[in-house]
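2 protein chains.
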Amino acid sequence: MRSIKYILVVYDVNEKRINKVHKVLKKYIIWQQNSTFEGNVTQANIKRMIYELNKKINSKEDSILIYFFNSKTVIRKEVDGIEKWNVSSNFI
Amino acid sequence: MRSIKYILVVYDVNEKRINKVHKVLKKYIIWQQNSTFEGNVTQANIKRMIYELNKKINSKEDSILIYFFNSKTVIRKEVDGIEKWNVSSNFI
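Note that the protein sequences, when read in sequence, are chains A and B.
The working numbering numbers the first residue of the first sequence as 1 and each following residue consecutively.
The working numbering numbers the first residue of the second sequence as 1 and each following residue consecutively.
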């Protein structure tokens, strides 16, 4: 059985690399707001995503935090302000 | 018994308001990297924090995502790149 995780990814990377990181993440999970993605991903795709991300960043300068959850049910999320993912033109 | 939640806060706010949001969050939880804070907080302090945040942001333009967890144990976290919270001078 394919094991699926729910993941949340937030990144703090040099401006020169933001687009590259954004493009990798967009292939696997869903944009929420600048520097923040979420979604269900298979273990295999998590490996691919991390491999690709590590090729794009400068590991001495950039930081990507990946939070893993067994399912979305353990997460309660509140939004203060606007839901940027619903206002797609705002993505960067 | 004081109920404690583990929370993760990520924000995408106008540059003019970043410092204000940062200063509120720093009172309650721990800076991880730009736009990202985490920590254990009482329910009462969560209310205070959200009240203060909403006074600082422009709710038509800014976005703050707050993720609530019953405990830190449901979270597995991986860092790719550097741990910015360990390199404190990098905080903005």
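Don't take every hint at face value.
[What the hints assert, rightly or not] Over the 10 Å line for every Cβ pair with chain A, so calculated as not near, a few chain B residues:
1. N19
2. I29
3. Q32
4. Q33
5. V41
6. T42
7. A44
8. R76
9. K77
10. G81
[Claimed, not checked] As a list, the in silico DSSO-like pairs of lysine-lysine whose alpha-carbon atoms are at most 30 Å apart:
11. A:K72 <-> A:K23
12. B:K60 <-> A:K60
13. B:K56 <-> B:K27
14. A:K20 <-> A:K47
15. A:K5 <-> A:K60
16. A:K5 <-> B:K77
17. B:K72 <-> A:K72
18. A:K72 <-> A:K55
19. B:K55 <-> B:K5
20. B:K27 <-> B:K47
21. A:K72 <-> B:K60
22. A:K47 <-> B:K72
23. B:K16 <-> B:K47
24. A:K72 <-> B:K16
25. B:K27 <-> A:K56
26. A:K23 <-> B:K5
27. A:K60 <-> B:K56
28. A:K72 <-> B:K47
29. A:K55 <-> B:K56
30. A:K20 <-> B:K47
[What the hints assert, rightly or not] Non-contacting residues of chain A with respect to chain B, defined by C-beta distances greater than 10 Å in every case (computed):
31. I4
32. N19
33. H22
34. I30
35. Q33
36. A44
37. K60
38. S63
39. F69
40. R76
Calculated from the structure, these hints are not laboratory results.
Cβ coordinates follow ideal geometry from the N, Cα and C atoms, glycine included.
Do the hints match the structure? See the list:
no.: 1; hint: N19; in the structure: holds, 16 Å
no.: 2; hint: I29; in the structure: holds, 14 Å
no.: 3; hint: Q32; in the structure: violated, 6 Å
no.: 4; hint: Q33; in the structure: violated, 4 Å
no.: 5; hint: V41; in the structure: holds, 13 Å
no.: 6; hint: T42; in the structure: holds, 16 Å
no.: 7; hint: A44; in the structure: holds, 16 Å
no.: 8; hint: R76; in the structure: violated, 4 Å
no.: 9; hint: K77; in the structure: violated, 5 Å
no.: 10; hint: G81; in the structure: violated, 4 Å
no.: 11; hint: A:K72 <-> A:K23; in the structure: holds, 23 Å
no.: 12; hint: B:K60 <-> A:K60; in the structure: violated, 36 Å
no.: 13; hint: B:K56 <-> B:K27; in the structure: holds, 14 Å
no.: 14; hint: A:K20 <-> A:K47; in the structure: holds, 17 Å
no.: 15; hint: A:K5 <-> A:K60; in the structure: holds, 28 Å
no.: 16; hint: A:K5 <-> B:K77; in the structure: holds, 12 Å
no.: 17; hint: B:K72 <-> A:K72; in the structure: holds, 15 Å
no.: 18; hint: A:K72 <-> A:K55; in the structure: holds, 28 Å
no.: 19; hint: B:K55 <-> B:K5; in the structure: holds, 22 Å
no.: 20; hint: B:K27 <-> B:K47; in the structure: holds, 13 Å
no.: 21; hint: A:K72 <-> B:K60; in the structure: holds, 27 Å
no.: 22; hint: A:K47 <-> B:K72; in the structure: holds, 23 Å
no.: 23; hint: B:K16 <-> B:K47; in the structure: holds, 24 Å
no.: 24; hint: A:K72 <-> B:K16; in the structure: violated, 33 Å
no.: 25; hint: B:K27 <-> A:K56; in the structure: violated, 34 Å
no.: 26; hint: A:K23 <-> B:K5; in the structure: violated, 33 Å
no.: 27; hint: A:K60 <-> B:K56; in the structure: violated, 33 Å
no.: 28; hint: A:K72 <-> B:K47; in the structure: holds, 23 Å
no.: 29; hint: A:K55 <-> B:K56; in the structure: violated, 37 Å
no.: 30; hint: A:K20 <-> B:K47; in the structure: violated, 37 Å
no.: 31; hint: I4; in the structure: holds, 14 Å
no.: 32; hint: N19; in the structure: holds, 16 Å
no.: 33; hint: H22; in the structure: holds, 13 Å
no.: 34; hint: I30; in the structure: holds, 13 Å
no.: 35; hint: Q33; in the structure: violated, 4 Å
no.: 36; hint: A44; in the structure: holds, 16 Å
no.: 37; hint: K60; in the structure: violated, 6 Å
no.: 38; hint: S63; in the structure: violated, 4 Å
no.: 39; hint: F69; in the structure: violated, 6 Å
no.: 40; hint: R76; in the structure: violated, 4 Å
Checked against the numbered hints listed earlier, the structure breaks hints 3, 4, 8, 9, 10, 12, 24, 25, 26, 27, 29, 30, 35, 37, 38, 39 and 40; every other hint is satisfied.
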